[in-house]
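Student: Residues 1 to 111 in UniProt numbering are what the sequence shown lists, from first letter to last.
There's no promise every hint is true.
Simulated restraints on C-beta separations [to be verified]: (1) Gly73 with Ala29: 27 to 33 Å; (2) Glu97 with Ala32: 16 to 22 Å; (3) Trp87 with Arg60: 37 to 43 Å.
I should point out that these hints are in silico values taken from the structure, not numbers from a laboratory. Glycine included, each C-beta is placed from N, C-alpha and C at the ideal position.
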Amino acid sequence: MRLLGRLVVKSVGVFLFGVLGLFAMLLLAAGAILAWLIGCVSAVFLVIALTESAWWLHTRTPHAAMTALGYYGYAAGTFALIPVLFWLKDEMAGWPERRRHRAAAEKIRPL
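Whenever a hint applies, use it, and build me the whole structure from the sequences.
Tutor: This is how it looks when you write it as structure tokens:
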């Protein structure tokens with residue numbers, strides 16, 4: 001009877017870790033899609049800013065220059081979100097590696 005109980009516990013554990021792994025992979029896929037969408041939005045803002053810059057070169061109106069600068073800012077702001085997403089992914093996924101490095105450093109320190 002104990003053998004059957006251990007088998008059930010191990011099977012449930014494997015199943016739960018499989019479900020957890022599935023949701024982790026879905027989260028990573030959603031993050032990759034989000035990074036791609038942010039890159040597309042940044043590219044659209046950059047194209048609008050370049051078009052406004054060309055319009056400013058043609059007309060020399062201050063409004064076109066200010067609009068171009070605004071869209072350059074929007075493009076830079078959205079582009080800056082991509083490294084933040086990758087940093088967050090590394091922070092969330094890299095904790096076992098950091099823990100191993102910390103444990104190794106603790107073992108070496110007394111020497």
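Student: Enumerate the violated hints, using their earlier numbering and listing them in ascending order.
Tutor: none
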